[in-house]
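Trainee: So the protein sequences, as listed, match chains A and B. Going by the working numbering, the first residue of the first sequence is number 335, and it counts up by one from there. Going by the working numbering, the first residue of the second sequence is number 335, and it counts up by one from there.
Any given hint could be a false lead.
Remember, identical chains collapse to one label, so a pair may be satisfied in a single copy or spanning two.
[Stated by the list, open to error] Taking lysine-lysine pairs in the DSS-like style, the calculated list, with each CA pair at most 25 Å apart, reads: (1) Lys618 / Lys355; (2) Lys355 / Lys700; (3) Lys582 / Lys618; (4) Lys685 / Lys702; (5) Lys470 / Lys700; (6) Lys470 / Lys702; (7) Lys369 / Lys618; (8) Lys355 / Lys470.
Quick caveat, the hints were computed from the structure, so don't treat them as lab data.
Residues per chain are reported as follows:
There are 2 protein chains.
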Amino acid sequence: MKYQIIKHKAATAEPEKTNLKLLQQDICLPAAILKQSALQHNVQWMQQFADASGVRLSPHGKTSMTPWLFQQQLAAGAWGITVATAYQAQIAANAGAQRIILANQLVGAANMAVVANLIASGVEVYLCIDHVDNAKALSAFFHTEQLLLPVLIELGVPGGRCGCRTNQQAVNLAQQIATLPGLALAGIEFYEGVISTTDSVLSVRQFAQQAAALCKALFRQELLKYHNILISGAGSVWYDIIALELTKATVPSTMQIVLRPGCYISHDQGIYCQAQQAIDQRSKLATKLGQSLRNALELAVYVQSLPEPGLAVLGFGKRDAAFDAGLPQAIAIYRDGQLISNQLQQCVTTKVMDQHAFWHYNSQIKPKIGDIVLLGTSHPCLTFDKWRSLWLVDDNYNLLQSVETFF
Amino acid sequence: MKYQIIKHKAATAEPEKTNLKLLQQDICLPAAILKQSALQHNVQWMQQFADASGVRLSPHGKTSMTPWLFQQQLAAGAWGITVATAYQAQIAANAGAQRIILANQLVGAANMAVVANLIASGVEVYLCIDHVDNAKALSAFFHTEQLLLPVLIELGVPGGRCGCRTNQQAVNLAQQIATLPGLALAGIEFYEGVISTTDSVLSVRQFAQQAAALCKALFRQELLKYHNILISGAGSVWYDIIALELTKATVPSTMQIVLRPGCYISHDQGIYCQAQQAIDQRSKLATKLGQSLRNALELAVYVQSLPEPGLAVLGFGKRDAAFDAGLPQAIAIYRDGQLISNQLQQCVTTKVMDQHAFWHYNSQIKPKIGDIVLLGTSHPCLTFDKWRSLWLVDDNYNLLQSVETFF
Numbered sequence: 335m336k337y338q339i340i341k342h343k344a345a346t347a348e349p350e351k352t353n354l355k356l357l358q359q360d361i362c363l364p365a366a367i368l369k370q371s372a373l374q375h376n377v378q379w380m381q382q383f384a385d386a387s388g389v390r391l392s393p394h395g396k397t398s399m400t401p402w403l404f405q406q407q408l409a410a411g412a413w414g415i416t417v418a419t420a421y422q423a424q425i426a427a428n429a430g431a432q433r434i435i436l437a438n439q440l441v442g443a444a445n446m447a448v449v450a451n452l453i454a455s456g457v458e459v460y461l462c463i464d465h466v467d468n469a470k471a472l473s474a475f476f477h478t479e480q481l482l483l484p485v486l487i488e489l490g491v492p493g494g495r496c497g498c499r500t501n502q503q504a505v506n507l508a509q510q511i512a513t514l515p516g517l518a519l520a521g522i523e524f525y526e527g528v529i530s531t532t533d534s535v536l537s538v539r540q541f542a543q544q545a546a547a548l549c550k551a552l553f554r555q556e557l558l559k560y561h562n563i564l565i566s567g568a569g570s571v572w573y574d575i576i577a578l579e580l581t582k583a584t585v586p587s588t589m590q591i592v593l594r595p596g597c598y599i600s601h602d603q604g605i606y607c608q609a610q611q612a613i614d615q616r617s618k619l620a621t622k623l624g625q626s627l628r629n630a631l632e633l634a635v636y637v638q639s640l641p642e643p644g645l646a647v648l649g650f651g652k653r654d655a656a657f658d659a660g661l662p663q664a665i666a667i668y669r670d671g672q673l674i675s676n677q678l679q680q681c682v683t684t685k686v687m688d689q690h691a692f693w694h695y696n697s698q699i700k701p702k703i704g705d706i707v708l709l710g711t712s713h714p715c716l717t718f719d720k721w722r723s724l725w726l727v728d729d730n731y732n733l734l735q736s737v738e739t740f741f
Numbered sequence: 335m336k337y338q339i340i341k342h343k344a345a346t347a348e349p350e351k352t353n354l355k356l357l358q359q360d361i362c363l364p365a366a367i368l369k370q371s372a373l374q375h376n377v378q379w380m381q382q383f384a385d386a387s388g389v390r391l392s393p394h395g396k397t398s399m400t401p402w403l404f405q406q407q408l409a410a411g412a413w414g415i416t417v418a419t420a421y422q423a424q425i426a427a428n429a430g431a432q433r434i435i436l437a438n439q440l441v442g443a444a445n446m447a448v449v450a451n452l453i454a455s456g457v458e459v460y461l462c463i464d465h466v467d468n469a470k471a472l473s474a475f476f477h478t479e480q481l482l483l484p485v486l487i488e489l490g491v492p493g494g495r496c497g498c499r500t501n502q503q504a505v506n507l508a509q510q511i512a513t514l515p516g517l518a519l520a521g522i523e524f525y526e527g528v529i530s531t532t533d534s535v536l537s538v539r540q541f542a543q544q545a546a547a548l549c550k551a552l553f554r555q556e557l558l559k560y561h562n563i564l565i566s567g568a569g570s571v572w573y574d575i576i577a578l579e580l581t582k583a584t585v586p587s588t589m590q591i592v593l594r595p596g597c598y599i600s601h602d603q604g605i606y607c608q609a610q611q612a613i614d615q616r617s618k619l620a621t622k623l624g625q626s627l628r629n630a631l632e633l634a635v636y637v638q639s640l641p642e643p644g645l646a647v648l649g650f651g652k653r654d655a656a657f658d659a660g661l662p663q664a665i666a667i668y669r670d671g672q673l674i675s676n677q678l679q680q681c682v683t684t685k686v687m688d689q690h691a692f693w694h695y696n697s698q699i700k701p702k703i704g705d706i707v708l709l710g711t712s713h714p715c716l717t718f719d720k721w722r723s724l725w726l727v728d729d730n731y732n733l734l735q736s737v738e739t740f741f
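In isolation and in its complexed conformation, chain A is listed as follows (with noise of 0.2 Å):
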């Protein structure tokens, strides 16, 4: 037979070019596609933000799981991978970062012997700390394999995630670091996107400015005492502002300023495409720029069973896609090869279960059991994570290859 039959969820394995059309229903749906035009668009975009904003870029790979967008990343300037575990380390490291941040604290012996073995053939992996008793783990077990540890105190926020509540707190944890043979302080990390307020703008600049000043008391004390030294703040919602206000501080001038957003690579059609509408407003760059962030991930699916009028049950659910924050909405749908409409903005997918979506359309639309429809989602995170492989395509969603994620 002439069709693609899968060893995993909607792809092959080989990452060769295919002929394969997606809208002549030649792969198993449901899949999960990305546009090569507005991935190369989002990666090239991001690169020239960090590059003309003179900071440097270290794409969240958690989002992607993907070493194959990793590579793109690399090879369009970033200057390393953000992970948030010793195995995603260890999968950015296959896919030939040299640099490595691991934007948590790393705990547990198998864990670090993951990350020792990654510095021990020459990748530089940087982690966070915020607690003397990790900072004395991590140095007991670093200083045994004759290795030496760089590491970034994350600084937190009252009533936030991980991190020193205070400068104070961190300079006392950088005291005692220092008199650790293990480890090398190299800096300082941060997350603003834990900060919820009725101004979360001036708290984001406030907070990156108290990061800041951490870094100019540290380096003053003379704690930072890595070859490079860094400071590294930033996920894709305020990675403007971080950017402007690290720079403005002028930080230790031999720091570098290292920015890790990680949505962008995909983009999405919900919060995170509400969230770079509120950068294209605020940010003159990002105006000088151009065209903003595109939307690249997709799901494809079946319109599956028409039971009642205006219900359509669409092949697909939280199996295939984020629900966490909004659900997937249609763009597109398509019935032999042909666009019967892209104008969708009145059907609403109400409800997902495991493998089903509920998809109310409005009268215009006739759907027919096997349309194809098209949806972007929002929270790419989570959405990624539901695939082993995805399909690159083209703008007539030809298939030309598949890539693999690793989760």
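Model the placement of chain B on the given structure of chain A, informed by the hints.
Mentor: Frame of chain A; chain B shown alone:
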């Protein structure tokens, strides 16, 4: 180094037995673990329930998508494996299932090709249909492939998911199926889990009775043409009532009653635990079988950060466990291989982010960074699908082997 350096999250690809010990930090955490004794108990328990009820068991495989578990279920006497998609059918067949219920309409050429391949290789795959358009498309495809496809008409409820809304609609569809050369009607499928009324018990009973009446009507009209005929319902919440009602209804005596619970395999400590408690109260047979289903699926994670008094950040998040039906809650905490406490009812997971969880502990518990916390989850389907492999453990959390998932 002695530690297990992982290929995928938390597990090796190798199925052979290990001497690794979870509580000695021999593996990377977070990890998902399956308790062998609880799994074996659950597999036996549900098979005994089905046998004693005089019905067949075709466990829904979408819950675990773990071939090793499918094999345990089949070896214990399961009639077949149920799945939700063509891809899942392929995985179930690869695991050795000779009978598969695909409890959905099959839509799209590539998806049909997967099922055609399975049927051509001798696997019996029963599909669900609720619309004449789908019936015609399937007949055209399978007749061209010179295959005869056994189909079940899906009976639904108004306001529900897929399925014909009335028995008359179903009879009309059966008459149309009888004219199509690629199809042979094999019975009725329904899913009572979509019913949500003020008296669900009564509604579920009535729905099962309606399905049985439909079968009798189709039988009388000689519309059931396949050589095996069956009626199939029941998820993990109402299987006792469905078994009772269908056996009481004396559906045509040549008809097999097939139940399709899935979540019982691992069970949980959330919504399915509650559902089973209701079954244990209302079902004489469940009481007679003795100890009920046990939770077999746990997360093992580290205390990752202790940023404020009473708050621990645990090293797992939405990337690692279901969060749509209650958050994972702690069962026990260990330090250096020793139990600190398994009385954690007053410690509460209040929030999960992608890779972090907020755990509020009470003053009796004094966690340290690096302590291992074991948690139970709610809704196993969405925890299984976060992992490429899970660790099978004995009652002391010694690691026996890893088992692979195929999502």
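Trainee: Hints first: check each against the structure and report whether it holds.
Mentor: Structure-based check of each hint:
1. Lys618 / Lys355: Neither. Shortest intra-copy (40 Å) and inter-copy (55 Å) distances fail the 25 Å Cα cut-off.
2. Lys355 / Lys700: within (24 Å within a copy, 58 Å between copies)
3. Lys582 / Lys618: within (15 Å within a copy, 73 Å between copies)
4. Lys685 / Lys702: So lysine 685 and lysine 702 pass the 25 Å test inside one copy only (20 Å; across, 41 Å).
5. Lys470 / Lys700: between (65 Å within a copy, 19 Å between copies)
6. Lys470 / Lys702: between (63 Å within a copy, 13 Å between copies)
7. Lys369 / Lys618: For lysine 369 and lysine 618, neither the intra-copy (27 Å) nor the inter-copy (56 Å) Cα distance is at most 25 Å.
8. Lys355 / Lys470: Classified as between: cross-chain Cα gap 24 Å, same-chain 56 Å, threshold 25 Å.
Consistency with the previously given hints fails for numbers 1, 7, ordered from lowest to highest.
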